[in-house]
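Its first residue numbered 0, the sequence shown is counted upward by one per residue in numbering that gives the first Met the number 0.
Hints listed in this document are in silico derivations from the structure and should not be mistaken for laboratory results.
Any given hint might turn out to be false.
Stated by the list, open to error - Label-pair restraints from in silico Cβ distances:
| id | residue 1 | residue 2 | range |
| --- | --- | --- | --- |
| 1 | 62 | 7 | 14 to 24 Å |
| 2 | 59 | 106 | 30 to 40 Å |
| 3 | 87 | 111 | 10 to 20 Å |
| 4 | 9 | 116 | 30 to 40 Å |
| 5 | 65 | 93 | 17 to 27 Å |
| 6 | 105 | 15 | 24 to 34 Å |
| 7 | 106 | 61 | 31 to 41 Å |
| 8 | 9 | 59 | 34 to 44 Å |
| 9 | 98 | 69 | 12 to 22 Å |
| 10 | 119 | 13 | 22 to 32 Å |
| 11 | 109 | 13 | 15 to 25 Å |
We put the CB at the ideal spot given by N, CA and C, even for glycine.
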Amino acid sequence: MLTARAADGQPMPRGTRVLAPAFSSLTVRRPGVNSLVLQPSSGYFASLSSRYSSVQSMAAGDSVPLPGMTITVLTVTEDGRPMEVLFRFPVALEDRSLHWVCWEAGRFREFRPPGVGAAIELPASGLPF
0 MLTARAADGQ
10 PMPRGTRVLA
20 PAFSSLTVRR
30 PGVNSLVLQP
40 SSGYFASLSS
50 RYSSVQSMAA
60 GDSVPLPGMT
70 ITVLTVTEDG
80 RPMEVLFRFP
90 VALEDRSLHW
100 VCWEAGRFRE
110 FRPPGVGAAI
120 ELPASGLPF
């Protein structure tokens, strides 16, 4: 993880973003060259611990601009949690400024986003600790 990289004197990324939980399966669609649509099978904020945080209900169309990406809720669950979310980046997903990983079999591995117009399924992988 990042703290181990820092302790070993390895280069650190300028920033990191966790786009989806690992405890449920995930559909990853790529509608455009610089965007991904993610849909966890149980929706976002489905874990028991998330239910006790201050997550507010959201509506389709709600958008959150962040440095390096904009997040837009496309669909929500009956209880107002995001179900399908669009992540739009200012660069193509293959840009060297982006490094994609996913959690699998107890460790991070390289991840290649699907091609434009394609979709893939990632299995539930549990938590990284």
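Going through the hints against the structure:
1. 62 x 7: 14 to 24 Å: 38 Å Cβ-Cβ, so the 14 to 24 Å window is violated.
2. 59 x 106: 30 to 40 Å: holds (35 Å)
3. 87 x 111: 10 to 20 Å: Given range 10 to 20 Å: holds, Cβ gap about 19 Å.
4. 9 x 116: 30 to 40 Å: holds (36 Å)
5. 65 x 93: 17 to 27 Å: Since the Cβ atoms of residue 65 and residue 93 sit about 20 Å apart, the hinted range of 17 to 27 Å holds.
6. 105 x 15: 24 to 34 Å: violated (19 Å)
7. 106 x 61: 31 to 41 Å: holds (33 Å)
8. 9 x 59: 34 to 44 Å: Given about 41 Å between the Cβ atoms, the range holds.
9. 98 x 69: 12 to 22 Å: The hint (12 to 22 Å, Cβ to Cβ) holds, given that residue 98 and residue 69 are roughly 19 Å apart.
10. 119 x 13: 22 to 32 Å: holds (27 Å)
11. 109 x 13: 15 to 25 Å: holds (19 Å)
When held up to the earlier numbered hints, the structure conflicts with 1, 6 and fits the remainder.
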